[in-house]
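Novice: Residues 9 to 345, numbered by our numbering, are exactly what the sequence shown covers, in order.
Hints are computed from structural coordinates only; laboratory data are not their basis. Be careful, since some hints might not be right.
[Unchecked claim] Taking lysine to any residue and the SDA-like style, the derived pairs with C-alpha atoms no more than 25 Å apart in a straight line are: (1) K240 x K275; (2) K182 x S125; (3) K114 x K240.
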Amino acid sequence: MVSIKKTFKVFTILLLLSLLCIVGCDQGGENLVETSNTQQSINRSITPVSLFNSSASLNWTMINVGFGDAHLIQIKDGKTILIDTGLVSNAQSYLIPYIGVIPINKIDYVFITHPHSDHYEGLTALISSNISIGAVYFNVPTDDRCEAESWGCNAQDIADIIKLLEEKNVPLNKAEAGMSFDIGDDSSLDILYAFNVTNSPVGSIDLNDESLVTLVRHKNHRFLLTGDLNSKIGTYLAANGQDLQADVLKFPHHGTAGIAPNSFFDKINPQYVIITSPSDLWCSDRSTQARSWLKEKNIPAYITGFHGNVNIGVVNDKLTFATQYDYQTTNLCNETK
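With these hints in hand, go ahead and build the complete structure from the sequences.
Specialist: The structure is reproduced here in structure tokens:
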């Protein structure tokens, strides 16, 4: 005969398991408890919805690939450009599906701003998809350079990407400052700066400071993308940079500590800023400088961790914005003014 004490113990265990399942499981047993806002902000974008504006002469979509960059720029009756690709898993889950719902079957130019995996790794997924690629511009690091920052750069992964490009007959080119690409309809993409260890004006730099600084010109509008530009080169450009003013700035390095000084952003003087950052990272101490500067300047910011995918359009020479999720574009972390 089973004792009352033993029966009560079994009952207690079953009750606790049931309560845990109510909190953390659905009917199929899948864990629904999110451990961070970083994962939550990307999980909710599983089903992509196109933000493409058919009336716009330019569409620039900042695609939410979590911690990483992916920017799709399309000129009506012109070229389609992708700047960075995110991590391979997120490219498979978010970048490729979003491109598919527009839909797009060819990307004329792919630019990789610098050799960190959250910018280049998704190339593997893109090359392996049914999307045609005209050419890739990527300054491939030496093995030694990559190994110096092995936490973000993997020489073997890059070698595998190069092999895939060769198998698909996709040209791989070096990206250099001064290059200009006619992308149609009174538009161009210009590589303003492309520093490396041999041409750095400030001595030793990390891979982030090798980021391409690119300017997209479209009619009367200017859009600046800065990769993961850091303090060393950012400080140099604040004092010596030319032609940096832009209507919209893609903030560097997810807005986190170590970015360019505020004098660099003052020089750009943007009307709007877009940022690839999970919500918890954006609201952390690591992003205080960026948040404070935006607050001081009263500049609207669109952030993937809050807004999901963000589309900037040019319609009748005016800027338009469409977001996957509705949030106010200032004071997102509920700071007091």
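Novice: For every hint, state whether the structure bears it out.
Specialist: Each hint tested on the structure:
1. At most 25 Å may separate the alpha-carbon atoms for a hinted pair to count; K240 and K275 meet this at roughly 16 Å.
2. With a C-alpha separation of about 18 Å, the suggested pairing of K182 with S125 holds against the 25 Å cut-off.
3. Distance check on the hinted pair: K114 and K240 sit about 36 Å apart at the alpha-carbon level, beyond 25 Å; violated.
Of the hints listed earlier, the one the structure fails to meet is number 3.
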